[in-house]
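**Q** Sequence:
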Amino acid sequence: GAYRDDEGRPVALQCVRDTETKIAGSQFLESLPSAVNTKLVEESAQLAYGKETDIVQERRFAGIQALLGTGACHLFAEFQRRFHPKSPIYLPVSTWCNHHNIWIDAQVPVRTFDYHPDSKGLYFTALMDDIKMSLVDTICYGSRKQLLLLLKEHSCLLTRFPVFDLNRGKHISAPDNSFFLLHPCAHNPAGVNPNEEQWREISHQLKVKNHFPFFDMAYQGLASGDIDRDVKTMKMFRENGCLIGRAQPFTKIMGLYGHRVGCLSILSADEKQAIAIRSQLQQIARVMYSSPPVHGSLLVSTILGDSQLKALWEEEVKAMGARLIRMRAKLCESLEKLDSTLNWECITNQ
1 GAYRDDEGRP VALQCVRDTE TKIAGSQFLE SLPSAVNTKL VEESAQLAYG KETDIVQERR
61 FAGIQALLGT GACHLFAEFQ RRFHPKSPIY LPVSTWCNHH NIWIDAQVPV RTFDYHPDSK
121 GLYFTALMDD IKMSLVDTIC YGSRKQLLLL LKEHSCLLTR FPVFDLNRGK HISAPDNSFF
181 LLHPCAHNPA GVNPNEEQWR EISHQLKVKN HFPFFDMAYQ GLASGDIDRD VKTMKMFREN
241 GCLIGRAQPF TKIMGLYGHR VGCLSILSAD EKQAIAIRSQ LQQIARVMYS SPPVHGSLLV
301 STILGDSQLK ALWEEEVKAM GARLIRMRAK LCESLEKLDS TLNWECITNQ
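Using full-length UniProt numbering, you'd call the opening residue of the sequence shown number 1 and step up by one each time.
Keep in mind that the hints were calculated from the coordinates and are not lab data. Some hints could be false.
Lysine-lysine pairs mimicking DSS-like chemistry, simulated, CA-CA at most 30 Å apart [as the list claims (entries may be wrong)]:
#, residue 1, residue 2
1, Lys337, Lys51
2, Lys86, Lys310
3, Lys337, Lys209
4, Lys232, Lys318
5, Lys51, Lys232
6, Lys86, Lys272
7, Lys318, Lys272
8, Lys207, Lys132
9, Lys51, Lys22
10, Lys51, Lys330
11, Lys39, Lys209
12, Lys310, Lys337
13, Lys235, Lys132
14, Lys209, Lys132
15, Lys86, Lys337
16, Lys310, Lys235
17, Lys209, Lys310
18, Lys86, Lys318
Pair by pair, the computed Cβ-Cβ distance ranges are [stated by the list, open to error]:
#, residue 1, residue 2, range
19, Asp6, Lys207, 27 to 37 Å
20, Gly25, Arg200, 33 to 43 Å
21, Gln14, Glu336, 28 to 38 Å
22, Lys39, Glu333, 20 to 30 Å
23, Gly8, Thr38, 16 to 26 Å
24, Gln308, Lys86, 17 to 27 Å
25, Asp6, Asn349, 19 to 29 Å
26, Arg4, Asn349, 42 to 52 Å
On a predicted model such as this, the values are computed, not experimentally measured, just so you know. In this text, a Cβ means the ideal position worked out from N, Cα and C, and glycines have one as well.
Starting from the given sequences, assemble the full structure and let the hints guide the process.
**A** Set out below in structure tokens:
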């Protein structure tokens, strides 16, 4: 997907155009020695966690440049398979369709938790129940139709995994030390997110069961127009003592669709652990794509590292977020005029 103008064209941000001029001729077209682009990783961590946080100052994060959000998720899935092979990943129903493909390809046990019911709102009670409880299966999706479609697309699953009979499923406690994929803002595709109180309850329950939350953060700033507000959720989890993972693509929030820029970050207990995790991520990236693209990473790190360019970017993100809010309000109003029996407030309550 792409952020587009009223004519349906992808938007090229002015901050990116200005940065292109600034860095012109400054590159030697050499590849990066590894996926650990220190400048990009540092700036993206400060954007997500805050420059003055103890996480950044104490170096308690392992970061690596990835190929967009897909690459960041795939890196993490492979890391999970290597070091937590028996721990399942829980994906919300619904979620971005490629999430299923990514973790299945990494041969990680995939399960789901309720999130978005037919009523179009947040199914919070069921969500909390599923954090504590899960369907007994190796792969479980929200409906038989979803499962059959997935099996048709991935015929290898018929031999790789046992298929679960959805009609006879029972619920048991989700095993401790499981992984949960969450959308910190602008849930894709539901567009429905928990409120602050609900996020705190989710954070508490995940901490109690020692689950690991992994955030796919593709829309920072586009949900509310405020880049800090849209990462407030992750701050709650950190304050609650949770270690978290984060996929952070710059595709939509900077309009860099062809540059494939993203980051993966994993928080750790201390700097020593962060160094160990980073070395493992480097090894995985080495065989996966060796060296990531240079130009896009230089664009992002320059924008985030330059006070004037970053301020311009924040203003442009604010404008994009405000436009999306207006469009959601108009859509909700139009649906209500059709005398729909459904409650469409979920469109504006994001």
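**Q** Could you work out which earlier hints the structure fails to respect and list their numbers in ascending sequence?
**A** 1, 2, 3, 7, 10, 11, 12, 15, 17, 18, 19, 20, 22, 23, 24, 26
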